[in-house]
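At position 51 of the sequence shown (counting the first as 1) the number is 51 in UniProt numbering, and the numbers step up by one without a gap.
If you are wondering where the hints come from, they were derived from the structure by calculation, not from laboratory data.
It is possible that some hints are incorrect.
[Said to hold, decoys possible] Cβ pair distances, simulated, as ranges: (1) G22 x D42: 25 to 33 Å; (2) V64 x A44: 25 to 33 Å; (3) E48 x T95: 32 to 40 Å; (4) K15 x L53: 50 to 58 Å; (5) G65 x Y101: 13 to 21 Å; (6) E37 x T95: 43 to 51 Å; (7) D42 x M20: 27 to 35 Å.
All C-beta atoms in this analysis are idealised placements derived from N, C-alpha and C, irrespective of residue type, glycine included.
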Amino acid sequence: MSSHGVVERTATGDKHCAQMKGWLQEEKRYNEVLRQEIGQLDEAVEQEEIWILCLLLVGLQLAVGFALAAAVLYASSYDPELFYRLLPRVLCEETYTNLAYALGKILPVASEGLLPF
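Build the full structure now, drawing on both the sequences and the hints.
This is the structure:
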């Protein structure tokens with residue numbers, strides 16, 4: 001084997017190593033870009049999850065509010081005392097007291113015995 005062949009193989013090997021090193025660096029840069037994009041997508045998904053959760057909670061509050069408003073309208077039109085008899089069975093005592101006080105200002109009630117104040 002001549003020294004010229006060894007030098008040629010070494011030069012070719014060095015060329016391949018340099019080429020592979022370039023590819024590796026290019027892949028590292030590409031991977032870093034992908035990591036950044038994944039981080040941005042994760043943040044976007046997290047923000048969307050927060051908005052969806054907020055919309056669900058607001059929707060639930062609206063549904064409860066509409067149901068309560070319908071009950072108040074029914075009670076004010078037909079039987080106010082029935083509403084006050086049903087509330088303690090559904091609500092805890094403190095919530096019932098606060099709600100009964102607020103509704104007592106709105107609804108006419110003939111019986112004083114049902115109200116907590």
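Going through the hints against the structure:
no.	hint	verdict
1	G22 x D42: 25 to 33 Å	holds, 31 Å
2	V64 x A44: 25 to 33 Å	holds, 31 Å
3	E48 x T95: 32 to 40 Å	holds, 33 Å
4	K15 x L53: 50 to 58 Å	holds, 57 Å
5	G65 x Y101: 13 to 21 Å	holds, 18 Å
6	E37 x T95: 43 to 51 Å	holds, 48 Å
7	D42 x M20: 27 to 35 Å	holds, 32 Å
In this structure, every one of the numbered hints holds.
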